[in-house]
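K.L.:
Turn these sequences into a full structure, and let the hints steer you where they fit.
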Amino acid sequence: MFKRVLIANRGEIAVRIFRACRELDIEPVVVYSEADREALHVQLAEQAFCIGPARSADSYLNLDAILTVAKATGCDAIHPGYGFLSENDTFADACAQEGITFIGPSGDVIRAMGNKAAARKLMQQAGVPVVPGSDGAVDTAEQAKALADSIGYPVLIKASAGGGGRGMRRVFDPEQLIPLFEEARSESEACFGSGEMYLEKLILNPRHIEFQIMADRHGNVIQLGDRDCSIQRRNQKLLEESPSKALTPELREQMGAAAVAAAKAAHYENAGTIEFVLDPEGHFYFIEMNTRIQVEHPVTELVTGMDLVREQIRVAAGLPLSRTQEEVQLHGHAIECRINAEDPARNFQPCPGKVEFVHLPGGCGVRVDTCLYNGYELPPYYDSLMAKVIVHAPTRLEAIRRMRRALEELIIEGPATNADLLHQILHHPDFVRGNYNTGFLEANMQTLLAWSNSGEAREA
Numbered sequence: 001m002f003k004r005v006l007i008a009n010r011g012e013i014a015v016r017i018f019r020a021c022r023e024l025d026i027e028p029v030v031v032y033s034e035a036d037r038e039a040l041h042v043q044l045a046e047q048a049f050c051i052g053p054a055r056s057a058d059s060y061l062n063l064d065a066i067l068t069v070a071k072a073t074g075c076d077a078i079h080p081g082y083g084f085l086s087e088n089d090t091f092a093d094a095c096a097q098e099g100i101t102f103i104g105p106s107g108d109v110i111r112a113m114g115n116k117a118a119a120r121k122l123m124q125q126a127g128v129p130v131v132p133g134s135d136g137a138v139d140t141a142e143q144a145k146a147l148a149d150s151i152g153y154p155v156l157i158k159a160s161a162g163g164g165g166r167g168m169r170r171v172f173d174p175e176q177l178i179p180l181f182e183e184a185r186s187e188s189e190a191c192f193g194s195g196e197m198y199l200e201k202l203i204l205n206p207r208h209i210e211f212q213i214m215a216d217r218h219g220n221v222i223q224l225g226d227r228d229c230s231i232q233r234r235n236q237k238l239l240e241e242s243p244s245k246a247l248t249p250e251l252r253e254q255m256g257a258a259a260v261a262a263a264k265a266a267h268y269e270n271a272g273t274i275e276f277v278l279d280p281e282g283h284f285y286f287i288e289m290n291t292r293i294q295v296e297h298p299v300t301e302l303v304t305g306m307d308l309v310r311e312q313i314r315v316a317a318g319l320p321l322s323r324t325q326e327e328v329q330l331h332g333h334a335i336e337c338r339i340n341a342e343d344p345a346r347n348f349q350p351c352p353g354k355v356e357f358v359h360l361p362g363g364c365g366v367r368v369d370t371c372l373y374n375g376y377e378l379p380p381y382y383d384s385l386m387a388k389v390i391v392h393a394p395t396r397l398e399a400i401r402r403m404r405r406a407l408e409e410l411i412i413e414g415p416a417t418n419a420d421l422l423h424q425i426l427h428h429p430d431f432v433r434g435n436y437n438t439g440f441l442e443a444n445m446q447t448l449l450a451w452s453n454s455g456e457a458r459e460a
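Each step along the sequence shown adds one to the number in full-length UniProt numbering, with nothing skipped, and position 235 is 235.
Misleading hints may appear alongside valid ones.
With a straight-line cut-off of 27 Å between C-alpha atoms, the simulated DSS-like cross-links for lysine-lysine are [said to hold, decoys possible]:
{"id": "1", "residue 1": "Lys121", "residue 2": "Lys201"}
{"id": "2", "residue 1": "Lys354", "residue 2": "Lys237"}
{"id": "3", "residue 1": "Lys145", "residue 2": "Lys121"}
{"id": "4", "residue 1": "Lys237", "residue 2": "Lys201"}
{"id": "5", "residue 1": "Lys71", "residue 2": "Lys3"}
{"id": "6", "residue 1": "Lys201", "residue 2": "Lys264"}
{"id": "7", "residue 1": "Lys145", "residue 2": "Lys201"}
{"id": "8", "residue 1": "Lys245", "residue 2": "Lys201"}
{"id": "9", "residue 1": "Lys3", "residue 2": "Lys121"}
Label-pair restraints from in silico Cβ distances [to be verified]:
{"id": "10", "residue 1": "Arg170", "residue 2": "Asp430", "range": "17 to 27 Å"}
{"id": "11", "residue 1": "Asn435", "residue 2": "Ser186", "range": "34 to 44 Å"}
{"id": "12", "residue 1": "Asp173", "residue 2": "Gln43", "range": "44 to 54 Å"}
{"id": "13", "residue 1": "Met445", "residue 2": "Asp139", "range": "29 to 39 Å"}
{"id": "14", "residue 1": "Lys201", "residue 2": "Asp108", "range": "48 to 58 Å"}
{"id": "15", "residue 1": "Asn435", "residue 2": "Arg55", "range": "36 to 46 Å"}
{"id": "16", "residue 1": "Gln125", "residue 2": "Glu356", "range": "47 to 57 Å"}
{"id": "17", "residue 1": "Arg234", "residue 2": "Asp173", "range": "18 to 28 Å"}
{"id": "18", "residue 1": "Ser322", "residue 2": "Glu34", "range": "16 to 26 Å"}
{"id": "19", "residue 1": "Arg234", "residue 2": "Ala450", "range": "16 to 26 Å"}
Hints in this document: simulated from the structure, not taken from any laboratory.
Note that the Cβ used here is the ideal one computed from N, Cα and C, for glycine as well.
P.N.:
Below, the structure is given as structure tokens:
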């Protein structure tokens, strides 16, 4: 097992990894930007090192600075968390060259699965269903238009190196395809340094279902059940639950098997997520693989009883998986709400600032992953995620009611948050029935805001 691990991240995920290291009797080393000098992960750590100014490019994305700290402190491994350098193949390669274990897949695998056009082709070869579209990258807008005309509208333009909704455009009108293609490509070049694009048929308002996989270097691959991530705003997830109400046992088994096949085809190692869209007729299609731990991993932890970050570290150290597929059982239902510092009534405007007072919910079946404390100053330079409230209960309805209660107990004075919006979603009849898809928030936003403004509660 590792003696010392550097945590190359910030916020709640840095705290999450810190705790896993301590429980494994591993010394955690943390890094921080000048803006995060008072952050919780810095205050918890015995060894904390500033790696640059507030701007991510000068700190959390500065792989040379991170590697310098890792070598100077004698770290055996680096855990990248999610975001920042977690899916950076150059960083994974650099760690390997320095003899430091990257807690994640190899640089070669990140490259293969990070390029969505290449990943799509690999999935086709493995027999995993993919959405109809281009077989590889589309070089020009004119080629994209010809392909769109052949497969039919609407279509989705996607950046091969994209993520988080960037470099992505929906096209319903043939006359809009060429300008939207160029717009998406320019955004991709600015965000990811790559203008490679591909195109696929747009499945309107599907369910977004993902499967957690874990693989070791001994050839063992398991899937740890599904998560429904369909409550989204502009392709950004707000609420996740496991298991999905949309899946029958037979469909869950089919999709789980496809997820394992996808991981094996990629020669994958460590934690990863296979993401699918599910259409109203029950057909599922691979859309991408995330080669890292996910923000929503706690819901899987609660229904499986498995510590995924701990498992990541064990696998990276060369140990075999702690469970076989037969030993993985899903118990009860879990829901996660992402608490963001943003104002839904003002088009989700980010709201950084001082947290004057915070009270976190507790009680049976409630977990909170956060970086907040009284007096903490939320910096304006990073993602607006400030906390994750996760609940577990024997049934889905009990989990919904438990999450409502938890959100009612949550108090954050200072920055505006989306907590009330999430509370309203949990009262919406369609959500309670499990009758929702990725278009839910857009279709119901005005109603949810009106409920929030009036203080009404919808019971179900």
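K.L.:
Does each hint fit the structure? Answer for all of them.
P.N.:
Right, here's what the structure says about each hint:
For the proposed pair Lys121 and Lys201, the alpha carbon gap of about 15 Å is at most 27 Å, so the pair holds. With a CA separation close to 25 Å, the supplied pair Lys354 and Lys237 stays within the 27 Å bound. Straight-line distance between C-alpha atoms of Lys145 and Lys121 comes to about 20 Å, which keeps the hinted pair within the 27 Å bound. Between Lys237 and Lys201 the CA atoms are separated by roughly 22 Å; this keeps the pair inside 27 Å, and the hint holds.
Our distance criterion of 27 Å between C-alpha atoms is met by Lys71 and Lys3, whose separation comes to about 13 Å. A hinted pair counts as satisfied when its Cα atoms are at most 27 Å apart, and Lys201 with Lys264 qualifies at roughly 26 Å. Restraint check: the Cα-Cα separation between Lys145 and Lys201 comes to about 12 Å, which is no more than 27 Å; the hinted pair holds. With a C-alpha separation of about 25 Å, the suggested pairing of Lys245 with Lys201 holds against the 27 Å cut-off.
Between the alpha carbons of Lys3 and Lys121 the distance comes to roughly 40 Å, so the proposed pair goes past 27 Å and is violated. At roughly 22 Å, the beta carbons of Arg170 and Asp430 sit within the given window of 17 to 27 Å. About 38 Å separates the C-beta atoms of Asn435 and Ser186, a value consistent with the hinted range of 34 to 44 Å. Checking the proposed 44 to 54 Å range against Asp173 and Gln43 shows it holds: the Cβ atoms sit about 53 Å from each other.
Taking the beta carbon of each, Met445 and Asp139 are about 37 Å apart, inside 29 to 39 Å as hinted. One distance hint, 48 to 58 Å for the beta-carbon pair Lys201 and Asp108, is violated here, with the actual separation near 30 Å. The beta-carbon spacing between Asn435 and Arg55, approximately 43 Å, falls within the hinted interval of 36 to 46 Å. Here the CB-CB span from Gln125 to Glu356 is close to 55 Å, well matched to the stated 47 to 57 Å.
A hinted range of 18 to 28 Å for the beta carbons of Arg234 and Asp173 is consistent with their spacing of about 20 Å. Distance hint for Ser322 and Glu34: a CB-CB separation of about 39 Å, inconsistent with the stated range 16 to 26 Å. For the hinted restraint 16 to 26 Å between Arg234 and Ala450, the CB-CB distance of approximately 21 Å keeps it satisfied.
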